[in-house]
Amino acid sequence: MGPVAAQGSTTVRPSQSTTYTVTAKGPGGSAHVSAQVTITSAPPQAAVQKPSQEDISSDQQQMRGLDEQIQEIKSDSLRMSAELSQLEEKLLYPSGTQVAIFVEIAKGDTMRLDAVRLQIDGQLVAHYIYSAKELQALRKGGVQRIYVGNVATGDHKLDVLVDGKLEGGADFSRTGQFTFRKEVKPRLVGLTLAGPRSGNTPITLGDW
Amino acid sequence: MRATRQLIGLVLVLGLAARPATCGDLKDLYFGEALYHAYQGQYFDALQRLDTELAQYHVLDEPKLDTLHYHINDAEFSVGDFELDYRMHQRAGRAIKAVLEGAVDEAVRNEAAFRLARIHFQKGQLDDALQALARIKGTVPEEIKGDLEFLQANVYMATGQPGEAVKVLSQLRSNERLAGFVAYNLSIALLQDGRTQEAIEQLDKAGQLPADDPATLAIRDKSNLVLGTMLFESGNFERARQSLDRVHLEGPFSNQALLRAGWAEASALQYDRALVPWNILVGREPTDAAVQEVILAVPHAYASLKLHGRAALLYGRALELFSNQIERVDASIRSIREGQFLNALIREESREDETWVIRLRNLPDAPETYYLMELMASHDFQTALHNYLDLEDLRSRFIAWKTSLDAFDDIIRLRGQNYEPLLPEVDAQFRELDSRIRLRLEQRKHLAERLQAILIAPRPGYLATAEEQIAGERSALIEKRLGNSNDPESLALRQRAVRLRGALTWRLETEYNDRLTAAYVHLNELKAPLDALTRQYDAFVGTRQAATHSYVGYDVQIARLRERVGDALQRVDMLIARQGHMIETVAINQLEARRERLAVQQTAARFGVADSYDRAARAPSDAGGQ
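Residue numbers (numbering that gives the first Met the number 0), protein chains in the order written: chain A, 0 to 207; chain B, 0 to 625.
If you're looking for bench data, these hints aren't it; they were derived computationally from the structure. Accuracy of the hints is not assured; some may be wrong.
In silico lysine-lysine, DSSO-like type, Cα no more than 27 Å apart, as pairs [said to hold, decoys possible]: (1) A:K106 x A:K24; (2) B:K204 x A:K132; (3) B:K96 x A:K89; (4) B:K136 x B:K166; (5) B:K122 x B:K63; (6) A:K181 x A:K89; (7) A:K184 x A:K156; (8) B:K26 x A:K106; (9) B:K144 x A:K181; (10) B:K144 x B:K166; (11) B:K166 x A:K89; (12) A:K132 x A:K156; (13) A:K184 x B:K526; (14) A:K181 x A:K156; (15) A:K184 x B:K63; (16) B:K204 x B:K144; (17) B:K136 x B:K96; (18) A:K164 x A:K139; (19) B:K63 x A:K106; (20) B:K63 x B:K26; (21) B:K26 x B:K96; (22) A:K156 x A:K89; (23) A:K139 x B:K26; (24) B:K63 x B:K96; (25) A:K181 x B:K26; (26) B:K444 x B:K526; (27) B:K144 x A:K156; (28) A:K139 x B:K144; (29) B:K166 x B:K204; (30) B:K26 x A:K184; (31) B:K122 x B:K136; (32) B:K526 x A:K181; (33) A:K89 x B:K63; (34) B:K96 x B:K122; (35) A:K106 x A:K89; (36) B:K204 x B:K136; (37) A:K184 x A:K89; (38) A:K132 x A:K164; (39) B:K122 x B:K144.
Small disclaimer: the values here were computed from a predicted structure and weren't measured.
Bound-form chain B, shown alone (with noise of 0.2 Å):
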């Protein structure tokens, strides 16, 4: 059951790879920038984007009124999402919490139970994954609701429980997009679960499913893998050469399926029936591990069969295979110690697509990266690896930070020239000119509150122009002189200056109404030259506010910025040795298990070389035959 075991192992986050949030109408433009990046698999960038605009969101005093409050739900989302992506999994998961937590709507709730419980699932903390589905009641978006059922199934597998996952992946069926997951998780279940002859049936069907995108077919194949290795190890090779001969000849599972195709037949003492399928695989790169391994088995057969010349001939081409391919393993040992194989990772343009590991091998000076492949598909590798050129990628943004420090440095300082002899001037123009605009602003006001006074109690003399006014003292200071005096030259002045104050009040009184409303239309007219000298006002105390905030206030926080950064420099260099230092450690304890491999496959092949000429030599017919 080992083989079966190990070949069963990885299918469980199949198919749970987080989708982005959905956001529908775009209402928020810097929410749409944090995904433009995220689409680019810019995470750092689209993190810092979101994480910037919730925080400034979740400040707001009416958030209602902001355009991110469209989106807020997918946003929280989405953070989860991209903090994963950006292998921060400490961190994943306290954005959707939030949610949890807030007045959402059920639907809402139980959309982000389902994603936090996936984001434990994938930290592997299962039980936070358990707590967070029993979190789920009542309704569930229908468009999640195949991938939370398969989540739920997955979380039972890994925390032994296949009896409650066969129950949730029995009726879980019939979703077209997970058909081939389900069907094959199912049989794993029932396998887990001690329910053999069920598992293999369901193999059975999961094997023959109708599959036609690279995934489900991927998936079909490694059906049919597992349950032709379960009936070999059975002993049942007539069934199991029939499921090995299912899976596809070209995808990813194909060789180990020649391999134990052949092995079904030689098991059953069929060698020249085996020697079909180890014959197509063993023109194959020769650095695959069932290809070494065929590489051997087929001059087996061959000596099984009695063809003992062309068995020597064949062990010595393995054993010219096997010294070659020993030669490169230590070649490539030699070059990641060397560094190449970093040097390789970190090449920008050998990771513009997804076959750039594939592709390192075309680069000069890069070592051989077939022997890693396997090793480079694990999850650990992928996750060191990606930590790496993370680590790489924060370098290069620290050493920008540092260049940027200094420009604003630089900025600064010459904004601080700039202003500084200018202003003292400036301000001594500006604080004359603020003392009249004041003033003015006092007079209109003073008008305005007599206008108002008089509206209550009517004061005409109030509205009397400068001449009337100069008039009425004049008369009244002649009438004051005059006295009391009886003469008839005094008499006739003071009838002359009485009948000139009747005058005036005359016309005040009669002129009143006009006179008050002309007053208003005055008044009213300041109003804009007074509302234009405001704005003025203000946009030199703005600018003249930006004029000092420019310049002044950033010392303080540059330099700390500056040390930070210089922190982070130092201790990224440090990670990336020892990160560096793992990859090349882990690549290397893999090529040498290999070497090993290839040396006691070599030592098989020189003993096969002389013992199949001994039996030729004795056997001289079959020589000749050859």
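Here chain A stands alone, though its shape is the one from the complex (with noise of 0.2 Å):
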């Protein structure tokens, strides 16, 4: 390193592994002293790469373009499905004729609900039996449209079934039995479905 001053402090970068001798020499003589440094290879620190700006900002405007015609596209097909299910509901069930029956469980409370049977004038019209998911969103609010059919304008009559399952575990299975009558308008019928434990009725037909 050369000569160095005979007070203060010096910086060195060795890029490799060194030993330093001091030599000092004076009136008195001359003393030596050595250090050695290590250099050990340090592992990077970095982060992960990250691609290039221009990169990002390609990926993100082709990204971008794709979300806006997929928007555009899912605008078109919620337009093409309240068409088609108004022209299967005119084809399929006409007003006249039309009889929708939904089912809600009653507000707050925990049974577990494992399926729903219907008949109608003692014809089977519906089995369901329900995911966990779907429970979930009855429990939630939801109200589920269990059926969509056609009968003729007049009474009938309406046998509902329901299997469930209460808190600790144990089975248990309801039924009800009520008359709804059809005129010329559609006809929506509301099942509300309660737990025994609830202290509610077990299942109520609304009037909608």
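Dock the two chains into a complex; use the hints.
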């Protein structure tokens, strides 16, 4: 390194392991002291290499462009779906004969609904087994359209069978018999189900 | 500060997820049905149902009589939420704007403005978000107050007004549900406002908040990680270590925290202490970037402690691990190029719960997804992925719709075949019956009018029986024939005829009231059969019209729909291909970046092995000690 000042400090940046020897010379003679500096390779700390800014913006632009086209096709699909379901209703369930049956769970009820079976005038029209997701949706206040069909105007008998489980895991089963009247306009029938421990009527036919 | 900046960029939208509109007691079954679909994540069905309901509601003459009227604000709000959830940002907010423009009370308008601002914020339209927030004046519903202020602060931060955000967040700290997010965001706002020391103190507080739910725990860990990183970068290794030590060992930030805690020690030349967190981390999932970094950091620490033999051994293991990982990454890239990644993504069974991305690796032929976890967790990738899945869903729907349209054609054709031969005869019979019915109805009407007329001007003759009418007519005829003849026989006959007329008149006059009452009773008795006849008539007309409507007039609509569905199917196929390619490209880019990084680490490990063996050879006492 060459001569240095008698007092103070100096910085060294060796690229490999190096032994430094300090020699001090004075009127009284000279002295030597050695110090070894060992260099070990440090592991890289940099984060995962990111794509360049150009790549990001080009990818993002492409993604945004696609996203806009996807939103457009979603809008179109919703419009088509609405038109198709109206067409389906007109063709298959004209208002003069249409009956739709809905199922909901009484507010705050904790029963586990397993299945619902419906008979209209003695004919089985629906037998639905619930998934955990569907049950959750019902518990949150959603209403399921369990059946849409056609009946003649006049009075009809509706038999409802509900299977479920109580909180403790015990099975329960409830039945209900109702009469509903079909007029010229579409008939909506709402069934509210409640567990045996709720204190509510197990099956209630709502007037909609 | 680079690491800190990378860490803090994620928190703005946390805590602002839209919650479904609460509906209280349900009055409208179709709104309930829309919620049923939405609660299951079936936003397409929810939107389709609710759009239809709202469209019908808005054209009603008296919407107040409709059951949706009870939920109309919730319904308009929900449409916006569902559109956001279905990633239709362009449409989201339109229904809410309708509420804002409508005649609603202050609290509802303010909630609408809040929801609109939230949508604009999530769409990145910050000026619009600010404008929507500026419309909020007066009463704000209690349940959204905290969310509103949190949103305001986030918008201020996103628009480069951290000072304003600090003001809002400082007085919001009491809100329990948002406490963790508020405390964290306040520190970030302070940091952005240049108040670093206050930010550090705030992060320190945020990092020690009580937490019992995973979200609050995660944000607390994040606070500690950010604080630790900041302190580490400013050279305050001891405080950095304390902060990093507070990060929960099982949380999502634990790997980063362990890594940085080790570096904090190593930077203070405390290599033996650095090895404590690093040795925990080194045994974790080897595809994690922090674990891979520590696999090199551990032998480096041993080398720094002059334990070169152990360092050489660990560098050797690192070399092997990096080589294996490079092979896995190469295999994954190949697998993605072969389409296995997209195939795995669209498998129904793989999406049944929230951890499906993690479970992908258990599926046969699925590529290595560990390396993609970070990518897959990113918002852009999630949007792209969900869009891809939405497109697949739309494709299935279009195919089902095409089948339905074919079935409708069949139904119409069969109905036509059934009705067309029957209807002419039915119509002929009906025409005959129709004329008879009309005649009877006309007769009844005529009788009713007559009765009404004789109430005003009594006409007893109108109530004569048929026999009496004949008798009256005959006596009048006899009188006419007798003329004015005065012969005795004619005179006797005329007197008899006059008596007969008098008797008839007497009967009609004296029985008039009874006969009038009886006539009314009879006319009323006619009402029931005529009403039944009218009902039957109407029912027949309805059924007859329904018969025609069941197969006539659909051709154009079905043809048009078929064309639109066909076009949409082509578009969706093209979009699926492009979106899929985009996802694959992004995934491959990510894997290639990781591969490059692994290659650098492999080189470092190779050098480390050589260097450590060299040093171990020069210091045999150390090697002997291992």
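For each hint, the structure was consulted:
1. A:K106 x A:K24: violated, 96 Å
2. B:K204 x A:K132: Status violated; Cα separation ~39 Å.
3. B:K96 x A:K89: violated, 32 Å
4. B:K136 x B:K166: Distance of about 19 Å is within 27 Å: holds.
5. B:K122 x B:K63: It is violated: about 34 Å lies between the C-alpha atoms, which goes past 27 Å.
6. A:K181 x A:K89: holds, 17 Å
7. A:K184 x A:K156: holds, 18 Å
8. B:K26 x A:K106: Status holds; Cα separation ~13 Å.
9. B:K144 x A:K181: Status violated; Cα separation ~47 Å.
10. B:K144 x B:K166: Measuring from Cα to Cα gives roughly 16 Å; hence the hint holds.
11. B:K166 x A:K89: violated, 58 Å
12. A:K132 x A:K156: Violated, because 31 Å separates the two Cα atoms, which is more than 27 Å.
13. A:K184 x B:K526: Satisfied, since the Cα-Cα distance of roughly 25 Å is no more than 27 Å.
14. A:K181 x A:K156: holds, 11 Å
15. A:K184 x B:K63: Since the Cα atoms of K184 (chain A) and K63 (chain B) sit roughly 19 Å apart, the hinted pair holds (cutoff 27 Å).
16. B:K204 x B:K144: holds, 24 Å
17. B:K136 x B:K96: holds, 16 Å
18. A:K164 x A:K139: Judged against 27 Å, a Cα distance of about 18 Å means the pair holds.
19. B:K63 x A:K106: holds, 25 Å
20. B:K63 x B:K26: holds, 13 Å
21. B:K26 x B:K96: holds, 24 Å
22. A:K156 x A:K89: With Cα atoms ~25 Å apart, K156 (chain A) and K89 (chain A) stay inside 27 Å; holds.
23. A:K139 x B:K26: holds, 15 Å
24. B:K63 x B:K96: holds, 20 Å
25. A:K181 x B:K26: Holds, because 20 Å separates the two Cα atoms, which is no more than 27 Å.
26. B:K444 x B:K526: holds, 11 Å
27. B:K144 x A:K156: violated, 50 Å
28. A:K139 x B:K144: holds, 24 Å
29. B:K166 x B:K204: Given that 27 Å is the threshold and the Cα spacing comes to 17 Å, the pair holds.
30. B:K26 x A:K184: holds, 19 Å
31. B:K122 x B:K136: holds, 23 Å
32. B:K526 x A:K181: holds, 25 Å
33. A:K89 x B:K63: holds, 26 Å
34. B:K96 x B:K122: holds, 15 Å
35. A:K106 x A:K89: violated, 34 Å
36. B:K204 x B:K136: violated, 33 Å
37. A:K184 x A:K89: holds, 13 Å
38. A:K132 x A:K164: Given that 27 Å is the threshold and the Cα spacing comes to 16 Å, the pair holds.
39. B:K122 x B:K144: Measuring from Cα to Cα gives roughly 22 Å; hence the hint holds.
Hints 1, 2, 3, 5, 9, 11, 12, 27, 35, 36, counting from the list given before, are not met by this structure.
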